[in-house]
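**Student:** Now for the letters of each chain:
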Amino acid sequence: MKLINLENVSKEYLDGFVALEDVSCAIDQGEFVSLVGSSGAGKSTLLKMIYAEEFPSDGAVYFGGRNIADIKRKILPHFRRNFGTVFQDFKLLTQKTVFENIAYTLEVQGKSDAQIEEEVHNMLRIVGMSNQAHKYPHQISGGEQQRVSLARAVIHRPRVLIADEPTGNLDPISALDIVKLLLKINSFGTTVILATHDKSIVDKLNRRVILMDKGHIMRDDLHGKYIISG
Amino acid sequence: MKTIKLARVLREGVQNFYRDKWLTLATVIIMSLSLYLIGVAVFLGFGVLHVIDSVENRINVSMYFDFTVEEEQILEIKKELEEKSIEQVQGVTYISREQALNDFLDREGDSKEIQEALDMIGENPLPASLVIVAHNTTDYDSIDQYLHQEYGEYIMNTNLEKNKGVIEELQKFIVFVRNGGIILGFLFAVIAVLVTLNTVRMSLYAHRKEFEVMRLVGASNLYIKIPTLVEGMLYGLASAIIASIFLVITIFAINPFAKQIIENINVVDFYSSSMIQVVLVLIIFGIVLGLISSFIAVQRYLEK
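Order-wise, the sequence lines are chains A and B. Residue numbers for the first sequence follow this note's numbering, beginning at 1 and rising by one. Residue numbers for the second sequence follow this note's numbering, beginning at 1001 and rising by one.
Next up, chain A with everything else stripped away, as it sits in the complex (with noise of 0.2 Å):
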């Protein structure tokens, strides 16, 4: 049984817009996976559905083997716990610093202060951001807020990282910056599922790619280029 399991999953919007359509695909534990395809593929669909943000109108998600549609939305906080996400606006609180960015993920799941401190302190450095622990979003780069980012998807060390364009308002640089990151996160066995349409990136990942295109799969290559078929 692998980690993640669509079946057959459509999705279509309440004004008739069918983002997805009998998607089916199977992600293992540990995989490091591109969703390519240009905008309005679907992309962002699928992975709102692995995250459950999302929910199919016909066909299913498996997580762990069990239907995300069957989960109690009490429980739902909770379940979303399994997962990082990641965001082409970086999506920080801008009302705090960016050690209590990155603090709030494990202040949710009631961690002790002292068990917090420590493990900021050391993502702090993992990111490279130790120095601007207490700065707050507006006063650090695009670059260095995605980093920050990055750091609060994964402190609480979920199963799942979800990029969603990460690098899509970021300079080349910043850009690379961040992949060597998700790699490095990827290499202490987390999934990584990145959705991007940055050519380059893909192509020298060289790693599982998904081509979408109108909502259905086109292409799913184990070491993939960003091919787009005519």
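Careful: at least some of the hints might be erroneous.
Calculated lysine to any residue pairs in the SDA-like style (CA-CA distance at most 20 Å, straight line) [claimed, not checked]: (1) A/K48 - B/E1210; (2) B/K1005 - B/F1211; (3) B/K1225 - A/L76.
Honestly, the hints are just simulated from the structure, not real lab data.
Using the hints provided, position chain B relative to the given structure of chain A.
**Tutor:** Coordinates of chain B only, in the frame set by chain A:
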């Protein structure tokens, strides 16, 4: 673990309040204004009620006794009336013939003509009387009836007929002022509440995106909600304190003007007894209002 979390959400609420200074400032200013208006309405209401009370207490009906009735008998009747033989009566004052004459002379001035007239009569022409004040201005008719029925044999007359027109006019005026005041005060309060609700909702609209982020990193709805409620309560508390300060300043400021208009009035003295109560009520009201507003707002933004 529960206590750690509780301490954390409380801290979050306080942090939200003081870190987002501009948002807090804007919210608190508008909310203070609303609460200040409510405070002014309450104080005005107190003032009007006080005036109405004093006017009502000046309305009375006098029963004049035949000259043949002894003072002891009158005092006996007074006692009966006071001991609630009729429940509409609030108070009874005895005015002896001598006192009636003194009052008359005080009122009319000790002029020669009057003195001469009195000398001609040779004795005190004024009857003794009981001045009766009712609880309610509408009760005078029934009181008058009762007096005639029970003590008709002793009574020379009562002055109800003479006062009736004035009493009725006053009665209408009092009802008008009281109802008008209640409606106006109510309107004030409703407007203030609506303004506050919307202000807090708009302030929390700014947090809307953060709620989503918090949810994504695994915060439960309650963990997101409580800081927001704390924030709302702090808005209310701060606003109520500011509104109270301005209310007190206002009362001190209008005191000299009030003195010019009405003699023997000291607004500060008049309100000082109720000041603490009003401030306390305002603070509780502010906190509850902030709490409810933020609850409604966060409920909206967390629904999904």
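**Student:** Starting from the hint list further up, note which numbers the structure goes against and sort them upward.
**Tutor:** Nothing - there is no hint that the structure violates, so all of them hold.
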